[in-house]
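Engineer: The primary structure of each chain is shown beneath.
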Amino acid sequence: MISARWYLLWYLLLAVLLTTVLACITQSGFNLAAIASLTGGVAAGDIAATIWFDLTHFSLTYAPIALVNLLVAAVLLHVLPLLRRYWLAAVLGAVLLYLMLLIINIIAPMPTLIAATRSNTGIISMLLCSSAGMLSYVWLLKRRKLYA
Amino acid sequence: MLRLAILLALLFALPVLNAAPSYQLKVLADNLNYPWALVFLPDGDMLLTERSGVVKRLAADGSERFSIKPDLPDLLQAAQAGLQDIILAPDFAANNQILLSYACGTLKANTTCLASAELTASGLDNIKRIFQAQPLKSGAAHFGGRIAFLPDNSLVLTLGDGFDYREQAQNPASHLGKIVRLNADGSVPKDNPFTDKADYAAEIYSLGHRNVQGIFYDAPSQTLYSHEHGPRGGDELNIISAGANYGWPVATKGIDYTGARVSPYTAFSGMQAPVWGWTPSIAPAGMTLYRGELFPQWQGNIFVAALAAKSVYRLQIEKHQVVHEQVLFSELKQRIRDVRSGPDGALYLLTDSDKGQLIKVTP
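Chains as they are written, first to last, in the working numbering: chain A, 1 to 148; chain B, 1001 to 1363.
The hints are simulated quantities; they were obtained by calculation from the structure and are not laboratory data.
No residue lacks a Cβ here, since even glycine has one placed at the ideal position from N, Cα and C.
Wrong hints could be hidden among the right ones.
What the hints assert, rightly or not - Examples of chain A residues lying across from chain B (beta carbon under 7 Å, computed):
(1) Ser3
(2) Gln27
(3) Phe30
(4) Ala34
(5) Leu38
(6) Ala44
(7) Asp46
(8) His57
(9) Phe58
(10) Thr61
(11) Ile106
(12) Met110
(13) Ile114
(14) Arg118
(15) Asn120
Sequences and hints are given; from them, build the entire structure.
Structural biologist: Put into structure tokens, the structure is as follows:
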């Protein structure tokens, strides 16, 4: 019999995985779009290769960010039952990531660490990835009736 | 047996043939605050810049003649921003004119500026801003800032992409990520490559650069060399031709610091490939070509100062190709900001820290 605590951890890791994969694809999309605007287009094979590259490289940078982001959100959900609504969890994940990005860009030597977040559209896209992670987390918990 | 003996003799001789000449390192000046550039005056003195905005005049033995903070218009000092290069105008002997590059503006709206000034016995006089790169951008990163004079007395000034604005390196209307060519008074030479083209900034000499922080013109080979920082990997040594596109960010061997791929392409049609590269990055800073007499073995070699690699890279060039590379001065264990070939045949190094040093290399 697996205890509820292990389900919490397992679902959190699944949510982090989903967020990281979505963030990698988003990052690829923004860099590729920028290159396509300069070259007139990028071939499908180059798009696939870039996404795969980012899934195997950018993910190493992003997964710890997503883990901290969703872990803090999950802890807040645990102590504040009021937040256990889908839309509130989604907003919470996005707001926490936004704050993290602000802190990262203050600490990092370069103006903007994650290239996709150089534009408002890119920031919103990455925040949506975090929201998707939190939505999946709450859905998994509600499905197992760990949260009402 | 004879063949074996010759082979063995060659094997033993190879390290000797390839060995660097022995050298002495002498600290001429220390406690320098992030020194950035060095230039030699005809009388044997040196002018040295610090990123904080200070200009020092040093005697040949390193003793200080003056240390001033010239009133550079709108100097910005933050992170990579500050006073950068210094160079003597071609007619310095007649008018004591020098040129200084520096970051100007505010944290939210800044760029690279070029100023001219007159060197006096006690400092600088008649300081005038003669060029300001456009457009202004936010953030204190990637200003370029190296200057070199060409044989026709025009100058080239390197301009960074501003880090967050890398796609602008391909925008011909923007100065970001370009090398510009100007007259010594800041005006635009009429024979610049894009002066007749609509939607092109007339000052542009070459485009597609990330952050060029080393450039020199070699008169005997009539070649303009530059190097530039790649992101994570993809540092490049380039031979600059008027009007050429050097690829950034479309063609690069580097990736983002986060590990994300900047571009699917390492080469692209119509874009110049580098003549040499460094992956992982060495963070190339200053650069010089050695034409001195103290080290005959180094004659005609390029020396590249490296920040991240904490050393100097000696490149042997044949027919515009790098045929041999040697890492020097790594025993200093210091980030090297600039390397210059002195008129006395010595090599001069500037180390990059708040306790930076000026080091003279002699046999």
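Engineer: Each hint needs a verdict: does it hold in this structure or not?
Structural biologist: Verification of the supplied hints:
no. : hint   : result
1   : Ser3   : violated, 36 Å
2   : Gln27  : holds, 5 Å
3   : Phe30  : violated, 9 Å
4   : Ala34  : holds, 5 Å
5   : Leu38  : holds, 5 Å
6   : Ala44  : violated, 11 Å
7   : Asp46  : holds, 4 Å
8   : His57  : holds, 4 Å
9   : Phe58  : holds, 4 Å
10  : Thr61  : holds, 4 Å
11  : Ile106 : violated, 12 Å
12  : Met110 : holds, 5 Å
13  : Ile114 : holds, 6 Å
14  : Arg118 : holds, 5 Å
15  : Asn120 : violated, 13 Å
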